[in-house]
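K.L.:
Put the complex together from the two separate chains, hints included.
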Amino acid sequence: MQSETKAHVENLTSPAGHAVSVLRFEGDIASTSKDAVLGTYQALPKETAKIVLLDFTKVDYINSSGIALVIQMMIEAANSGQKVFAFGLSAHFTKVFTMVGITRYAGLFPTQGEALAAL
Amino acid sequence: MSEFKTANVEVRMPSRMGFEKVAMSTASSVAKLMGFRDERIEDLKTAVAEACINAIEHGNRLNEKLSVGVVLSASADSLEVKVIDDGKGLKNPPGKVIKPDIDRKMHGEEDPRGMGMFLMQALVDEAEWVAGSEGKSSYVRLVIRLDKDAE
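Chains as they are written, first to last, in the numbering used here: chain A, 1 to 119; chain B, 1001 to 1151.
If you're looking for bench data, these hints aren't it; they were derived computationally from the structure. Watch out, some of these pointers could steer you wrong.
Just a sample of chain B residues kept apart from chain A, beta carbon distances all over 12 Å, derived [to be verified]:
no.	residue
1	D1043
2	K1088
3	R1113
4	E1134
Just so you have them, the derived chain B footprint on chain A, three or more residues with Cβ under 8 Å [said to hold, decoys possible]:
no.	region
5	38-44
6	54-64
7	87-97
Facing chain A, a subset of chain B residues (Cβ under 8 Å, in silico) [stated by the list, open to error]:
no.	residue
8	E1042
9	A1049
10	G1069
11	V1071
12	S1073
13	L1090
14	P1094
15	K1096
16	I1102
17	M1106
18	P1112
19	L1119
20	A1122
21	E1126
22	V1130
Using N, Cα and C, we set each Cβ at its ideal position, and we do this for glycine too.
So here's chain B without its partners, still in its complex pose (with noise of 0.2 Å):
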């Protein structure tokens, strides 16, 4: 494929559970014009979904009047994802999310729920949580990068 120009894509949802899978398929979109292989288009569109999801049930707590904002910002060689919502973000983002413990879980000691920023974290290149200015506008920016020699 011939070199990508830099190009940026706005998608802007209801707070409503499923809308996350118009995000997926827009980000799926871009990647694959990018020229990424099939298995990290999978690893993205699982990361933007579980991002849209923090944003629409904790960011947004469901209420649908407030959007969720996706940008996605092509470059030659990355594809940065923004997920923003208008929740005051988390206190103290994690540096690297804790892997999920099966045993703890199976064993009723952790909440089998609670999987979403490890699966972010582990399934692309960058994860970072940013809380937004006076409370509202947070987001999670997401990273995955091209491999120009496997891609």
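Bound conformation, chain A alone (with noise of 0.2 Å):
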């Protein structure tokens, strides 16, 4: 019934010059999106992945075990010195992020493109 969720990184350049890995997700963010946020997320080599990005464009459904699974991401995160932001979320979820406080430790941005030059 759930969607599974994809993920895969890409790696940018923000216009100040600063190196951004972009996680794109896909599908649903739940329960059983432990391996695709948490997974994908650990891949990344934490010396050169300073700025965590995350692009929630293509993602619909995101529930409370969703949401954990990125504050548990965000936890590993500050432990190792990076920095995450997040763009792509629909309205309701900005103010579901908003409401469980994620903004006060992950910047939210509309667009790639508003998140990349803030960068």
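P.N.:
This is the structure we're talking about:
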């Protein structure tokens, strides 16, 4: 029933010249998404991937278990000296992420262009 | 839209993760027929999903032989959704659910999970947890009201 979570990484450079690892998600983000969310993040090289940008453009459904996985990733990133940002969330999930406090630790942007311009 | 007549819709689904989306889409369809704004429908969908996930995971403990019931009761000015499971329900149903503390979560002092009840209560007008008699048929009752000026 739940649509499988797909994830892949794209390495970009921001206009300011910073290396940015973009994690692009597709499908649902729920309790079954551990490998796609945490596994994909954990495969990033910690020495070079200092800025992690999460792309939710192709994600339609995120539940509280999925949000918990994002928070687990943010905890690991904070402990590794990485910064996490995100873009592409719907207005509703932007509200939900704000309600649970994620925006205190991860900047949210409407689009990839706006995110990269700010990094 | 003309005055909405009362209507009841019931769904039964297996206690299997993912089936909460059936309840979400049913609630969304009923709310749309009643004239709720898209923003409110998204709030309702998330609250219903979280209620179903709790019923599947905690109420019925992922036992697929048990089903989760979703009863939607639409009136002229509100939509009530009851999500019923075969669990014992909460011993001490909360009046007000405490907001998750992101600082404590980030510092490993609080489980990253445990946001479902908060989201339910924050996204709808009423959220009530009712323990069933004889240790089963517990339910969560969610209500959203039509704001006739805004909808």
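K.L.:
Determine for every hint whether it applies to the structure shown.
P.N.:
Taking the hints in turn, this is what the structure says about them:
1. At roughly 7 Å, the least C-beta separation between D1043 of chain B and chain A is not larger than 12 Å, which violates its mark as non-interface.
2. Interface exclusion of K1088 of chain B from chain A stands, the closest Cβ pair being 21 Å apart, more than 12 Å.
3. Once the 12 Å rule is applied to beta carbons, R1113 of chain B is inconsistent with being away from chain A; the minimum gap is 4 Å.
4. With a minimum CB-CB distance of about 29 Å to chain A, E1134 of chain B clears the 12 Å threshold, and the non-interface call stands.
5. Residues of the region 38-44 of chain A lying with their CB closer than 8 Å to a CB of chain B number 0, which falls below the three-residue condition for coverage.
6. Under the rule that three or more residues need a Cβ within less than 8 Å of chain B, the assignment of the region 54-64 of chain A holds, with 3 such residues.
7. Counting residues of the region 87-97 of chain A whose beta carbon lies closer than 8 Å to any beta carbon of chain B gives 4, which meets the minimum of three for the stated coverage.
8. The closest approach between the C-beta of E1042 of chain B and any C-beta of chain A is roughly 4 Å, which is under the 8 Å cut-off, so the hint is satisfied.
9. Taking 8 Å as the C-beta contact cut-off toward chain A, the hint placing A1049 of chain B at the interface holds, the least distance being around 6 Å.
10. Hint on G1069 of chain B is violated. Least Cβ distance to chain A is approximately 17 Å, over the 8 Å limit.
11. Taking 8 Å as the C-beta cut-off, the interface hint given for V1071 of chain B is violated, the closest approach to chain A being about 21 Å.
12. Hint status for S1073 of chain B: violated, given a least beta-carbon distance of 24 Å to chain A, over 8 Å.
13. Residue-level restraint check for L1090 of chain B is violated (minimum Cβ-Cβ distance to chain A is 17 Å; threshold 8 Å).
14. At about 16 Å, the closest approach between the beta carbon of P1094 of chain B and any beta carbon in chain A exceeds 8 Å, and the interface hint on this residue is violated.
15. The restraint placing K1096 of chain B at the interface with chain A is violated, with a minimum CB-CB distance near 15 Å, outside the 8 Å limit.
16. Interface restraint check: I1102 of chain B against chain A, minimum CB-CB distance 3 Å, threshold 8 Å, status holds.
17. Look at M1106 of chain B: its Cβ gets to within about 6 Å of chain A, closer than 8 Å, so that hint holds up.
18. Interface restraint check: P1112 of chain B against chain A, minimum CB-CB distance 4 Å, threshold 8 Å, status holds.
19. At a threshold of 8 Å, the smallest CB-CB gap from L1119 of chain B to chain A is about 6 Å, leaving the interface hint in force.
20. For the restraint placing A1122 of chain B at the interface with chain A, the shortest Cβ-Cβ distance is roughly 6 Å, inside the 8 Å limit, so the hint holds.
21. For E1126 of chain B, the interface hint is violated, since its Cβ never comes within 8 Å of a Cβ in chain A; the closest pair sits about 18 Å apart.
22. Hint on V1130 of chain B is violated. Least Cβ distance to chain A is approximately 21 Å, over the 8 Å limit.
Checked against the numbered hints given earlier, this structure breaks hints 1, 3, 5, 10, 11, 12, 13, 14, 15, 21, 22; the rest are met.
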